[in-house]
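Number of protein chains: 2
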Amino acid sequence: MKIGIYGYGNLGKGVESAIGQNPDCELFGVFTRRAPESLKINTPQAKVLPAQEVDKYVNDIDVLIICGGSATDLPEMTPRLAKSFNVVDSFDTHADIPTHFDRVDKSAKEGNTVALISCGWDPGMFSLNRVYMDAILPNGRDYTFWGKGVSQGHSDAIRRIKGVLDARQYTCPVQSAIDRVKSGECPDLTTREKHTRLCYVVVEEGADKERIEKEIVTMPKYFADYDTTVNFISQEELDRDHKGIPHGGTVIRTGKTGEGNNHVVEYRLTLDSNPEFTASVLLAYARAVYKMKKRGEVGCKTVLDIAPADLSMKSPEELRKHML
Amino acid sequence: MKIGIYGYGNLGKGVESAIGQNPDCELFGVFTRRAPESLKINTPQAKVLPAQEVDKYVNDIDVLIICGGSATDLPEMTPRLAKSFNVVDSFDTHADIPTHFDRVDKSAKEGNTVALISCGWDPGMFSLNRVYMDAILPNGRDYTFWGKGVSQGHSDAIRRIKGVLDARQYTCPVQSAIDRVKSGECPDLTTREKHTRLCYVVVEEGADKERIEKEIVTMPKYFADYDTTVNFISQEELDRDHKGIPHGGTVIRTGKTGEGNNHVVEYRLTLDSNPEFTASVLLAYARAVYKMKKRGEVGCKTVLDIAPADLSMKSPEELRKHML
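Residue numbers (my numbering), protein chains in the order written: chain Z, 1 to 324; chain U, 1 to 324.
Read the hints as simulated data drawn from the structure, not as lab findings. On a predicted model such as this, the values are computed, not experimentally measured, just so you know. Do not rely on the hints blindly, as some may be mistaken.
Straight-line Cα separation of at most 30 Å, DSS-like style, residue types lysine-lysine; simulated pairs [unchecked claim]: (1) K109/U to K256/Z; (2) K256/Z to K56/Z; (3) K314/Z to K40/U; (4) K291/Z to K321/U; (5) K321/Z to K83/U; (6) K106/Z to K293/Z; (7) K294/Z to K314/U; (8) K221/Z to K2/Z; (9) K106/Z to K83/U; (10) K209/Z to K182/Z; (11) K182/U to K221/U; (12) K293/Z to K109/U; (13) K83/Z to K321/U; (14) K13/Z to K291/Z; (15) K294/Z to K148/U; (16) K13/Z to K321/Z; (17) K221/Z to K243/Z; (18) K293/U to K294/Z; (19) K256/Z to K148/U; (20) K13/U to K40/U; (21) K243/Z to K256/U; (22) K293/Z to K291/U; (23) K148/U to K148/Z; (24) K293/Z to K221/U; (25) K182/Z to K293/U.
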């Protein structure tokens, strides 16, 4: 299976690294909007090519993994590229998924390709666990907690404040809320009760820390609805202690059956590297896209449409014998 | 969707109860090998019918859920019934799954039906989690822990000992082993290191407790490879404190990506009633079987072959909008 990577940020690098762990996959090349000669990739036998020339390579690539951002890149890239390539993207703006799906579906049907959108862990693995749990325990309720993990968006929001040089924001689940959910009481939880926000901030010399802290904790949408802790640290400390991009979270459903029997289903991820894990999910689903295309399927798909066996390198016989 | 239940033990009763929680399902009837008039079911509008007459009702039933035992019932029942009905079973003898699959597949293809085997939570939900995790983190290792939960087979084995009136056996995971697995060290664990066995035993008056305890803890296959604790209690205590059929367990995979980043994926079930939860899984998959049949699919399937969306009452549009 020949893979193309479109975009070479943290996610694209993660896909490249994941390909090295999957012997049935080979990296054909990386497509970049930067000057190709300025890019150094880790796979000597793969090419670095200009993004605008991607259509030249339509016969060299089985699945193109699009590693762009959800805000502006993917809404444009995925519908365009799905006209020529089987693609996978990680579009994660939950509210806009139906629109994105319709646009990509139209392109994929025009191009006779298979396009998988909104892949990763949320949306992605968390979504399919929500669907499995809801189908099995209809008389119940599910909850999603995120973290402890770095939110790039919130870190960026802090960096835009005057006087801030650098920042790292962690989203943290509230353990007592998780415990209440697992007890089966099905609580109504406010935003503030579910997560806290923990910020490490580097400021310019002489900056007004009090004003900066106030700007952070009162920032609408990002922080105002949460209990937020701000720690001012040095750039050295930030680089030493907060360089990683860990993340994770938990989906929990509790539900009742029969005469009040309670059941708890939990799916939990604890990830040292959010982009590398997400990339590993994208690559496993690229394999499913490749198999579906071979079977003659066409159009836009999500993780909810894909059978577990299609993700695997193993044959159906092996899976039944060793993993069922 | 009209459901038939074939066999009315704990699992069959669980399916009946689950049907009440799923408004798109209706119980047509229960098929029993006992005298139908001796059976009282909880659904007034459903029939109780003799098992040997099931073929008369082939046009009244969309999916037949076979609630028999794996040792002798299902190897015979499922291939036979799959010739006429779309079926779901919970065949759980892991080593014999390939043979069972082949026999059921042949029948289903002859009968132009869809047959799902080995459904439930292990095999079932645990299996598909093992497959997802293995596909996403190929450089890793997975572990399955069971319990704390009642093992019917082990309880029965104790009851067969001379002088024993009643017994309940719990399989318990060893927390320190789970902690080692979650740390990412990928330990090699012996049977003894993963689980302990906890027994509550009621004996005849004047029975030789020392001899009974020794017979339990040295019993080959069942107990000899485990650290086993035997507690002698009264029938009243057993009935009061150990009436439930709880179970559950955890599938954990740890895997590395990139430059040694570690990831932990966990799927955990904590179930008050093993048969009611298993029945809820069977019913959700009966819906998938029904949808597959409508799409013209045929043959034997396992949970690994079925896309999450097929389990859901919700439309693809609803799922994408609200659950992705």
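Status of each hint after checking the structure:
1. K109/U to K256/Z: violated (37 Å)
2. K256/Z to K56/Z: Violated. K256/Z to K56/Z sits at ~56 Å, over the 30 Å cutoff.
3. K314/Z to K40/U: violated (46 Å)
4. K291/Z to K321/U: With a Cα-Cα distance of about 26 Å, the restraint between K291/Z and K321/U holds, given a limit of 30 Å.
5. K321/Z to K83/U: It holds: about 24 Å lies between the C-alpha atoms, which stays within 30 Å.
6. K106/Z to K293/Z: Within the cut-off at roughly 16 Å; holds.
7. K294/Z to K314/U: holds (28 Å)
8. K221/Z to K2/Z: violated (42 Å)
9. K106/Z to K83/U: violated (40 Å)
10. K209/Z to K182/Z: violated (39 Å)
11. K182/U to K221/U: This hinted pair holds, its Cα atoms lying about 28 Å apart.
12. K293/Z to K109/U: Judged against 30 Å, a Cα distance of about 25 Å means the pair holds.
13. K83/Z to K321/U: The hint holds at about 24 Å.
14. K13/Z to K291/Z: Holds - the C-alpha atoms of K291/Z and K13/Z are around 24 Å apart, at most 30 Å.
15. K294/Z to K148/U: violated (44 Å)
16. K13/Z to K321/Z: With Cα atoms ~34 Å apart, K13/Z and K321/Z exceed 30 Å; violated.
17. K221/Z to K243/Z: Measuring from Cα to Cα gives roughly 25 Å; hence the hint holds.
18. K293/U to K294/Z: Roughly 22 Å between the alpha carbons, so the hint for K293/U and K294/Z holds.
19. K256/Z to K148/U: holds (19 Å)
20. K13/U to K40/U: With Cα atoms ~11 Å apart, K13/U and K40/U stay inside 30 Å; holds.
21. K243/Z to K256/U: holds (18 Å)
22. K293/Z to K291/U: With a Cα-Cα distance of about 22 Å, the restraint between K293/Z and K291/U holds, given a limit of 30 Å.
23. K148/U to K148/Z: holds (28 Å)
24. K293/Z to K221/U: The hint is violated at about 47 Å.
25. K182/Z to K293/U: The hint is violated at about 37 Å.
In this structure, the earlier hints numbered 1, 2, 3, 8, 9, 10, 15, 16, 24, 25 are contradicted, and the remaining ones agree with it.
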